[in-house]
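**Student:** Could you put the whole structure together from the sequences, leaning on the hints where they help?
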Amino acid sequence: MVDVSKLRETAREIISREDVRELIGYRAGTYGFRARPAFVYDPGEVDQLIFNPACVNNLATYITLEEKLPVPRGQEPDLRKVAVMVKGCDSRALVQQMAENAYERDRILVIGIPCTGVVDMDKVQARFPDVLGPGEISLEGDKFVLIFDGRREEIPKEELLADKCKRCRFPTPLVYDVLLDEEVAPFATDDYSDVEALESRSQDEKWAYWEEKFSRCIRCYSCRNVCPMCYCNDCILDRLRPQWIRRSVDISENTAFHIARAYHLAGRCIQCGECQRVCPVEIPLMELNRKLYKDVEELYDFEPGVKVDAPPLLSSYRPDDPEDFIL
Amino acid sequence: MNGKPKIGVYVCHCGTNIAGTVNVEEVRDFAASLPDVVVARNYSYMCSDPGQALITEDIKNYGLNRVVVASCSPRMHEPTFRKTLESGGLNPFYLEMANIREQCSWVHEDPIAATEKAKRLLEAAVVKARNLEALEQKEVDVEPSCLIIGGGIAGIQAALDIADAGFKVYLVEKSPTIGGHMAQLDKTFPTLDCSACILTPKMVDVANHPNIELMTYSQVEEITGYIGNFNVKVRKKARFVDMDKCTGCGDCAEACRLAGRIPNEFDEGIGMRGAIYLPFPQAVPAKYTIDKENCLFLAKGKCGETPKCQEVCQAGAINFEQQDEIVEFKVGTIIVATGYDVFDARKKPEYGYGIYDNVLTALEFERLVNASGPTGGKIVMLERGKKKKKKEEEAEAPKVPKSITFIQCVGSRDKSVGNEYCSRVCCMYTAKLAHLVKDKIPDCEVTIFYMDVRAFGKGFEEFYDRVRREGVRYIRGNPSEIFRRGDKLVVKAEDTLTATPLEHETDMVVLSVGLVPRSDNREIIDILKLSQSSDLFYLEAHPKLRPVDTASDGIFLAGVCQGPKDIPDAVAQAKGAASAAMIPMAKGKVKVEAQTSVVNEETCRGCGFCVELCPFTAIELVEVNRQGWPVKVARVNEALCKGCGACVAACLSGSIQQRSFKDNQLLPQIKVLGVK
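Chain order of the listed sequences is A and B.
FYI, our numbering numbers position 112 of the first sequence as 112, with every residue one higher than the one before it.
FYI, our numbering numbers position 200 of the second sequence as 1200, with every residue one higher than the one before it.
It is worth saying that the hints were derived from the structure and are not from the lab.
Each hint should be verified, as a subset may be incorrect.
[Said to hold, decoys possible] Covered stretches of chain B, going by a simulated chain A footprint (3 or more residues, C-beta under 8 Å):
1. 1605-1613
2. 1622-1631
3. 1642-1654
4. 1662-1673
[Claimed, not checked] Derived DEER-like restraints, expressed as beta-carbon distance ranges:
5. A:Y192 to B:G1354: 17 to 25 Å
6. B:S1480 to A:Y192: 41 to 49 Å
7. B:L1673 to A:V249: 22 to 30 Å
8. B:P1543 to A:D163: 49 to 57 Å
9. B:D1520 to A:D321: 19 to 27 Å
From a predicted model like this one, the values you see are computed outputs, not experimental measurements.
For every residue, glycine included, the Cβ atom is placed at its ideal position computed from N, Cα and C.
**Tutor:** This is the structure:
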């Protein structure tokens, strides 16, 4: 577990630096056990920073999400570094973003958090539905300890752990400038049994399954907005001329949207699971992402966001690339 | 957009090619009913003069500003009709074609369904035509110089032709001398003129030509740019001999401590050389080269007290400090003439090549019969890998084979080694070598195992006939195995004409190996982004009508790098490539593709996927100022862009559009063609 006082001390040093503009970390949420992103500009603000198993957000998103307002005439753009706290899984987003030239390595300062797993807030919610006052979650050995309303509950790790953590192969960040704790050895593997289960269904079953899921979609685009890999200045989904996807919420347009979203992430999704986490209507988006992830790995022996200097899948080509899926 | 679209539609009968299946009148009437269509006609041959006149007349009379022709593939007549529009005073890119021949009448039998399909295809063209934009076809200047890669006979011929026409030529050759495979051959079929006698004068011409800059022992490292303006980077490898000082006297080669101990590549390893060497006496340039892998001084750091070559060289030409040199220059056109490798006979282990001393490849045998070869042209039994005997023992004269057997189609027409094609030269060179054997050892028994004899060229059949009359025995059958029995080799085969299995005893076996793409083909592919055909030779732009062009403008092919061919064919193609390369150089200007990609720099996020994908290196990332922020965006070099659209498909933000294939032009088409 990351020591909070060390975390704040490190953050204080970093935000005090001349060449750092902003630090993105976590702070306690407004109710219950939740944590939320914190944006720190001043050394005086660091004492709000925390890290615990409730810190689920992938903060890499905020680096590319930040709007670049026009620089007033006569002024220079603020090109100082952005410091960002990342867990192992989140760090892969940084690797992939840099592989895609989203920014240069020296534009960011990475505070790495070796991570032992985060909770699935839905599982916590189901267990303790009405916790509105402040609550705390920590991991002690193989148990999550929850403290709230003067109670202390110990729950086996397995029961609250997020699904993505159960197959996490990269608990320690792959890229960092400072590491807040000892490296964590990988404690899980990924056998894709969930994807295989999906693949084994018939075409009709799959269509019925996804038709039901997609028909729920309200096209809030939360999944797109939270995704660290979706950072086009001007998304084709928003364009009117030409209009690739109409705005009406119906099964045809919803399906078109979800296919476009999934395919735009082929060879790019780093499996942080944020899209599925934020979906208000519980569409299992990671099932689509993971199917494509598995295909890309099997066909091209490629994993996005793993090797810092690997070229992105879409722009690398070998003459012996398989092509038997082309009709 | 010049006002409201006024579209003219022209439905071609193509004789009965289209009209035999598609009801062209019905298609015309349907076209006339479509919005914005002002006039619709059908005609027997739209591409004919009267057909084209219909279009130009209508442009004048109806004020047409878009034209749709429903006929054959745009590959066939798009250029024709673009010219028609131009002569009618309309921008040629206001043309849209509907392919109702290759994609409709030729592939369908049911006239009713075919007519319905033709209507759909036509409607799709009409809705696209509405949004077509006028494009400008730009011109760029052409540098009056040519890079030729490869100094074999094809490269030499192309270089001489272009240089004679007055253009500058840079001839880059990887090995220390030009001449290529032709220099290794003894006689040439079917006329039996001496290969060296007809080649070496040309080699000398290359060396002396004022317009040719010859770079041997050099390799092309990088080429950027486009037709008219290629930037070339060549690495001149260090030969450790000062080219200006070396007189070619050869004292160094004799003095070299390794003289006669390193297999000479030029002699296919049958003859030996030293670490400092001239591949063969007539090499051009006649300058020595030190092979740094073998040279004791360069590889081990020590060669006696002082290196012998340095000691004896009176010109002081040896320079162990020499470094590779990078030369950069600009050319307008490029000819690739990189040649071939011969098939590696080890891939047919049943023939025992590499195991039995006297199983040779035809190219090795070529050196054996060659008067300037290691045996002075004497055909003798080989004792490979044996250390040179001391002088006194050497008195024993090498044995002369009493029977020689050739096996044709080794590595050609053979799916088991992945080469389905015929190498086109083996039948005839085998006949030639058989003739040479009969000439040199009249009582030698010569047998040729063949599948078919392909004697298709001028004088070939006559030559084949002559060789058979000389007593060469042709047996139709593909041997299954070669093994040793006593001091004889046994060829096991079936005579398929008499269905008799046989075991044929012989002294020496010559494998008529086929021609294969060079093992280092990829280097040039990576540099020039050439395509390969299924046989892995370089791909020409069109198998019939553009046999020397590549998909990239300004880059041409000559010789066997494009596919197996004999010397006259290689020379003919080289002359063709030379004249093709001279067209843009003589004109001084070239038109470049107008249907290029264009980047929306406002939305481009600079990921660079397109940069890596572009097969023509036409896109680069540049830094621009976006509302005060420095950002990288993609930028297309329109002179380089060929309009393939790969970048458009890869762009996640939809920031690249291809002119004439923009989203607002294609989406209406998809809507028309989609399920209704």
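**Student:** Which numbered hints are broken by the structure, listed smallest first?
**Tutor:** 5
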